[in-house]
Amino acid sequence: MKKLHAPKAHKVNRSVGGNIAMFLFLAIVGVFMAFPLVYIINNAFKPLDEFFKMPPHIFVQHPTLDNFQTLGTLMSDSWVPFSRYVFNTVFITVVGVVGHVIIASAAAYPLAKHKFPGSKLLFNMVVLSLMFSYNVTAVPNYMIISKLGINNTYAAVILPAFAFGLGLFIMKQFMEQIPDAILESARLDGASEYRIFWEIVMPNVKPAWLTLGLLQFQFMWNTTGSGFLRNEELKPLNYALNQIVQGGVARAGASGAVGLIMISVPIILFLLVEKDVIATMSTSGMKD
Amino acid sequence: MKKKRITLEAREKRTGLLFVLPWVIGFLVFFAYNMAQTIVFSFNKLTMGKNGYNLSFVGLDNFNYAFLKSADFVRTLTESTGNILIDVPLIIFFSLFIAVILNRQFKGRALVRAIFFLPVIMASAAITSALTANLQNMLGGLSSTAAGTDSQQVSGLNIQSIAVMISDYGIPKQLIDFLVGAVGNLYEIIRNSGVQIIIFLAALQAIPGSLYEVAQMEGATGYEIFWKITFPLVSPLIVTNLVYTIVDLYSQSTIIDMEMTTAFTQQNFGLSAAMALVSSAVICLILGVCTSLISKKVFYQT
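Protein chains in written order, with our numbering: chain A, 1 to 288; chain B, 1 to 302.
Warning: the hint list may mix true and false statements.
The calculated lysine-lysine pairs, modelled on DSSO-like cross-linking and capped at a C-alpha distance of 27 Å, are [claimed, not checked]:
id: 1; chain 1: A; residue 1: Lys147; chain 2: A; residue 2: Lys206
id: 2; chain 1: A; residue 1: Lys120; chain 2: B; residue 2: Lys296
id: 3; chain 1: B; residue 1: Lys297; chain 2: B; residue 2: Lys228
id: 4; chain 1: A; residue 1: Lys120; chain 2: B; residue 2: Lys297
id: 5; chain 1: A; residue 1: Lys120; chain 2: A; residue 2: Lys206
id: 6; chain 1: B; residue 1: Lys13; chain 2: A; residue 2: Lys120
id: 7; chain 1: B; residue 1: Lys107; chain 2: A; residue 2: Lys206
id: 8; chain 1: A; residue 1: Lys115; chain 2: A; residue 2: Lys206
id: 9; chain 1: B; residue 1: Lys228; chain 2: B; residue 2: Lys296
id: 10; chain 1: B; residue 1: Lys45; chain 2: B; residue 2: Lys69
id: 11; chain 1: B; residue 1: Lys296; chain 2: A; residue 2: Lys113
id: 12; chain 1: B; residue 1: Lys13; chain 2: A; residue 2: Lys206
id: 13; chain 1: A; residue 1: Lys115; chain 2: B; residue 2: Lys297
id: 14; chain 1: B; residue 1: Lys297; chain 2: A; residue 2: Lys147
id: 15; chain 1: A; residue 1: Lys115; chain 2: B; residue 2: Lys13
id: 16; chain 1: B; residue 1: Lys228; chain 2: A; residue 2: Lys206
id: 17; chain 1: B; residue 1: Lys13; chain 2: A; residue 2: Lys113
id: 18; chain 1: A; residue 1: Lys115; chain 2: B; residue 2: Lys296
Computed footprint of chain A on chain B, listed as stretches where at least three residues anywhere in the stretch have a Cβ under 8 Å from a Cβ of chain A [unchecked claim]:
id: 19; region: 106-117
id: 20; region: 190-202
id: 21; region: 233-247
id: 22; region: 281-288
Hints in this document: simulated from the structure, not taken from any laboratory.
Note that beta-carbon positions come from the ideal geometry of N, C-alpha and C, so glycine has one too.
If we strip away everything but chain B, and leave its shape as in the complex, we get (with noise of 0.2 Å):
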């Protein structure tokens, strides 16, 4: 009976492997072999040869150049977590909300969805640039250099030009103005918020139709529904998009774009490996602080 068991437990982790194999050689030829080489580059001077490039071992120095010399590093940084660590909590609690609006019935649901949805779709070089193009040849002048070539900015639309769009029809300055000042932190957080209204719809339609039921016979308010159902069966999902959130934000701050200008303009890519390393440092513990805190309040249903 007892050697059954083990044969049974060994086979059940060879299937385990068999499942995981795919994915981790992927991971281990793709990933782990990049993030290893950035360590080793932050450590060198990586300069150009005729059969590729030279290492040339420099200790610590480009880590003391990022923080002692270089003029922006720690300010971008500083600014960069401050705005990540602004966004999060807003982001995630709009989607939620937003979510738990979308999952109600009412007509015409499927295209408010695809509404909401929208700014991921947006979010693609061919229509950014196509954008861009249309606005540099509207407006010209100098808001065209200053929209640029950049299509690495991820943003559908710029707030401003819609703001000069819609005071064509007649509304007043002013009022712009202050919607501009209100809107444009909103739609940024808008913007953020569709991929984290999906999972928690996804979340949302997998909470069992029947607890509804009995809180409603039992004479439950919607408020107490939310907090006494919704929310906890949706709370696994929190950490998830959380985690996405974060992660999400710091692929497009500002940080990173330095660390691409310094890489690909400036041509020193030890000093950007070296900063890529602090900032992924800087964030991973936010995120570690953040996912523990939340995750001993996250109920688990099984």
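Looking at chain A on its own, in the form it has when it is part of the complex (with noise of 0.2 Å):
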């Protein structure tokens, strides 16, 4: 009885060496990792004699609020309220992640799952139009935003962001590792498409379209709307913030807190996503 038990637990158990050599690693990759948000963090709360020390230093030594005050006046100065900054970065990244998520995982479905003719050669052209930087078709895809009428609206930022590839090959991926067995039993229970993939496929890749939304929530929270939104009351914060760091010297201060506030956001929802991610993959115990 002790013969079969002892070596099992040692050859599942990694030793205490290796623990400590995989703490060492993961400690060292985190800190290059951190060491950029350490820095944020720190310069939003530097005086401005701090930012100018000679050298310079990483740590603040006497933390002060200034800073905000001083991006509190700025904001209180712009054009328009800055309130409105916020609702149109709020709304732009709201529609643009669900939508995405929404069209894209709809039409991952069916290709993952329904082999119907042509299915191939979308997708194949899915991964072809990845190819294409958004930087160099720049030209063409004002020509069409202002074809269709939607230059300088919030449709101009937020449509072509329903139909990007990216989303689609992902949900794909994934979709294509539920078991066909979970989607024939209940279609042999009479369930329609649309609850199948409302109720069957969505629950089971939830880790996925999570994943995505993060990704399409960084894209759309980092817009400028530049080229397509000229009116000042429809651009994002984003856009204004930018401006007020692109003040120079004289704003180092302000620029300091323009970084933390731009970057605690999608922290934060990182971090309530990816309690919600692991707590229901431990529950749903799917696949067969």
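Both chains are given apart, each in its own frame, so use the hints to dock them into the complex.
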């Protein structure tokens, strides 16, 4: 009995040395990953003179909230009320993310699970479209937006975001992994395709669409709408904050505060969503 | 009986079409059109007129210029693709490795995962310009012009600037120079692995725990468990990550920068479109070869 147990325990658990090595590796890599964040957080609380100290310091020595006050003053001077920029960004981001995730998932489901004529061609087109960088096709992109008459509206930023190829690609790859047996049994029980999609497929690929949502959030949150949104009332927060930062040396403090604000929202969102991913996966027990 | 089956199939086809339709319309309008226009541009000379642009057909002149006359195009293209070919396997292995570690139970796991997702979050124009603005203020002089207003550069922070700051905490300069060299490349790889790690994590979490339980009961080693269970089950996502990585690296590469300057600084849209077509074709070729090589090894559960 003892013979049976001892080697098993030894083999499955990693050695203490291995754990330490792994911890060290994670720590070193993690420091480099976390460095910009630490730097941004510290900058946000540095008084103005510490920005110009030579040699420079990473950590703040006399933390202060002055930077946020300066930023507040600058914001209240802006052309349109600052809350308008916030609303624009929130609107563009929410609609862009929700719309993209739903449309891309809906299109990915038949591509992954119902082979219809032309599905392969369509999928190859998607991968091909990934090759055409957004920057390089800027001219035709502008033409189409202006021909559709949606130039200088929210739609100019949101509608193209709905049709990004990357989302469809990621969702299709994940949906292919759902066992056909689950879908088949639902179909035999008389579930419609809509019901299968919403109640079986989507819950099963929750980590995938949360990931996609995060990526798309990141993209939409950082959009400046440059080129398309010309009315000041339509411009997003990122644009407004960028303008403040571009103000030069005197704005060093305010730009520190801007960095912290822009970064805190995605990070908080990531922490919230991440917990959700873990919780659902441990209870769902999918796959046969 | 037979008749009913056909109608069911037809109905399924129709629902399938309904699911795909919204996306296809968006795709055709916003992407297929752009791609087609890019091809048209590449065979034309584009001049600005009173009512928008005018096209005049020049045949293969743009391609000729790119390959035979342009001083940089071929060199930049080979450099960019070379870098992509080197970085892709490193990024895939690194991200899979990190994802496997992060998938284990340990204290503070949520925090560590967030840290590894940071590079993706950091790739934002406002944050980058806030960082570079600060750096300019601190370092001043020459380096500030070098840092410039290059907001296209996605890098969160220049490695050199980290070194300058660390050197202040009394670490010998030789050691820092060595570390900068070694870490410089690693940093690039880490910075580009955020999304891949998340995709692998999502795949790892979909692996049923019962498989691991069985393997443990049968006395498999950690090594065996990884290669016989984990690796085959995440292998479909390796293809996904491969495609994502190649596309991601390509869209940040110097060749894209060059195409953009050609189009918007030199106002030579035709040449830029030709360059874009050539480089996209090269990347597509690489992508096709890589995925077909790997797809053969991929294990599909169903």
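>> Check whether the Cα positions of Lys296(B) and Lys113(A) lie no farther apart than 27 Å.
In response: holds, 20 Å
> Regarding the pair Lys107(B) and Lys206(A), is the alpha-carbon distance no greater than 27 Å?
Replying inline: Judged against 27 Å, a Cα distance of about 24 Å means the pair holds.
> Holds or violated: Lys45(B) with Lys69(B), Cα cutoff 27 Å?
Replying inline: holds, 16 Å
> Would the pair Lys297(B) and Lys147(A) pass a check requiring their Cα atoms to be no farther apart than 27 Å?
Replying inline: violated, 46 Å
> For the region 106-117 of chain B, do three or more residues have a beta carbon lying closer than 8 Å to a beta carbon of chain A?
Replying inline: Answer holds; 7 residues pass the 8 Å Cβ test.
>> Check the hint pairing Lys120(A) with Lys297(B) against an upper bound of 27 Å on the C-alpha distance.
In response: holds, 20 Å
> Lys13(B) and Lys113(A): Cα distance at most 27 Å?
Replying inline: holds, 12 Å
> If you draw a straight line from the CA of Lys115(A) to the CA of Lys206(A), is it 27 Å or shorter?
Replying inline: Within the cut-off at roughly 23 Å; holds.
>> Given the hinted pair Lys120(A) and Lys296(B), is their Cα-Cα distance within 27 Å?
In response: Roughly 18 Å separates the two Cα atoms, so the pair holds.
> Is the straight-line distance between the alpha-carbon of Lys228(B) and that of Lys206(A) 27 Å or less?
Replying inline: holds, 26 Å
> Given the proposed pairing of Lys297(B) with Lys228(B), does the C-alpha separation stay at or below 27 Å?
Replying inline: holds, 13 Å
> Can the region 233-247 of chain B be counted as covered by chain A under the rule of three residues or more with Cβ-Cβ separation shorter than 8 Å?
Replying inline: That given contact holds, which follows from 7 residues of the region 233-247 of chain B lying within Cβ reach (below 8 Å) of chain A.
In this structure, the earlier hints numbered 1 and 14 are contradicted, and the remaining ones agree with it.
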